[in-house]
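Here the protein sequences come in this chain order: Z and P.
According to the numbering used here, the residues represented by the first sequence are 1 to 106, in order.
According to the numbering used here, the residues represented by the second sequence are 1 to 191, in order.
What the hints contain is simulated information worked out from the structure, not anything from laboratory work.
Predicted model only: the values in this text are computed from it and were never measured.
Heads up, some of the hints might be wrong.
[What the hints assert, rightly or not] Not everything, but these chain P residues come out facing chain Z in the computed CB check (under 8 Å):
id: 1; residue: Arg37
id: 2; residue: Leu54
id: 3; residue: Leu166
Positions of the beta carbon are idealized from the N, C-alpha and C atoms, including for glycine.
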Amino acid sequence: MSRMKLDLEKKLISVARANPPSDRVPLAFEKRIMAVILGKPAQDLWAAWAKALWYAAAPCVAVMLLFSGWALVESHKNNQTSTIDLAQQLDNTLLAAVDQSNDQAR
Amino acid sequence: MERTEAELIAAVLKGDAASFEPLIEKYSPRVFATARRYARRESEVEDIAQEVWLKAYQKLKSFRGEAPFEHWLMRLAVRTCYDFLRSHQRNRESAFSDLSEPEDDWLERFIHQPGTVREDSDAARQLVQRVLQHLSPPARLVITLLEIEDRSVKEISKLTGWSVPLVKVRAFRARAEMRKILAKIAKDKYL
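Extracted from the complex, chain P is given alone in its bound form (with noise of 0.2 Å):
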């Protein structure tokens, strides 16, 4: 018979190590998927999530089970992710220039034709993570949990461990940001 989430819980904080397994193969998926937002290589994406699961078998203990174990989890890894991008921060690309030849289509043809420009092209993708790349971490982070995965302020407030009202402030600068970076690619491309 397989085991209830808190059961595992239970034998892990008992010593039983091994009951750990079921829990990461279970949330992992999620894990990664988190990951990917914030990093790019997948040696860094793994490292994320290693240290995600290995903060989440050290902090058992501070899991009291009045939330859902995947909400404590992904508090974690929403966390661990800021880490990360606030360790990495000196890598945060500094010019438009070095556009490549699909992307620099893409926002040609999103000039000249919006209606056509295709939004699955790899171009597109490329670009949104070069601009996401340019935002300070607390400014990618917002966007990231505000305007792409459509979350609420209590929610990214919760995540992050920020106030509401810090939530809100930052959420204000990282538009502010993400507008600056956008009227350098229009600046840099069109002027």
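If we strip away everything but chain Z, and leave its shape as in the complex, we get (with noise of 0.2 Å):
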């Protein structure tokens, strides 16, 4: 077993020498590299939407941002008000025979 794995690595690393990759460059390959140096991407439609996908994101998550916020304030205001008002028909109801009674003495 030992001998056939010290066989196979010998073999394997033999084919790995054998066969060196290939060192083909593809078309235009530095012409592409010199268009980035210079700062001028070379044209893909692709790429210019998706960038400018990238850029809309920030904007939209932030008026998101902004209307989660005001719904948030807003629902909390309305939360506010209508503890005031159950406060203060509780108050009322519970006062209710005070203030008849006061009535009346009166």
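Could you use the hints to bring the two separately framed chains together as a complex?
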């Protein structure tokens, strides 16, 4: 078993040595690199579209956060008003008898 | 008249970016061959090559001209490939159960008639790739440089920026890792 492992290791290494990777360079690769270096990216519509989407994402998130915040504040305000109303109503109900007896005494 | 490498580099450093293009043209085949040792997909190979050249342009000031430009560039290329391996190590395959039929046949033939297996077959190449993909990034780098490219420990130390003792330790661990993987193949297939 260990002999076989060693043989297989040697064989695979020799396979790797016998098959060096290709050194082919894609067409106009140097032009693309130069375009990046000189700050003139090669025209790529999909990349431009993706870039535009990314740029749009931040304002969209900001608007969403703004509206969420506004909605939260509004709902909080409404809740506060309704609690005041409820408290007031509870007060009135509880003190109704006292108010009535005061009125009658007068 | 064709300008020398030193003249081109000096021109780039003075602000003539266009002088960098002949350097890209001349050394891209080497950069691509190096990248193809570590990445399988062509898109990944191109990304690595692009990163190497952009780094080379940005760091050109650090090139002192004491060693040839090619050596400096290859150091950048090897380190970029190592970063690539580290960032993609999650993609390492975990099982050998998915060996393709030709790979299985090649292994089978190797066990029974080792003398008859061909080294230039696609199956053999795929199997090598599969074994290398299972190695950890430092192990893969060391095995590739030491065993496949037949470089010396000193050369590897210069290329990777690791100390000589560290290269030796990593080479020792890499061989052990490779044997463990081969044992796994053998266990999966022949026990």
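Do the hints match the structure? See the list:
At a threshold of 8 Å, the smallest CB-CB gap from Arg37/P to chain Z is about 6 Å, leaving the interface hint in force. Interface restraint check: Leu54/P against chain Z, minimum CB-CB distance 7 Å, threshold 8 Å, status holds. With its C-beta approaching chain Z no nearer than about 22 Å, Leu166/P sits outside the 8 Å limit, and its interface hint is violated.
Violation of the numbered hints given earlier is confined to hint 3; every other hint is satisfied by the structure.
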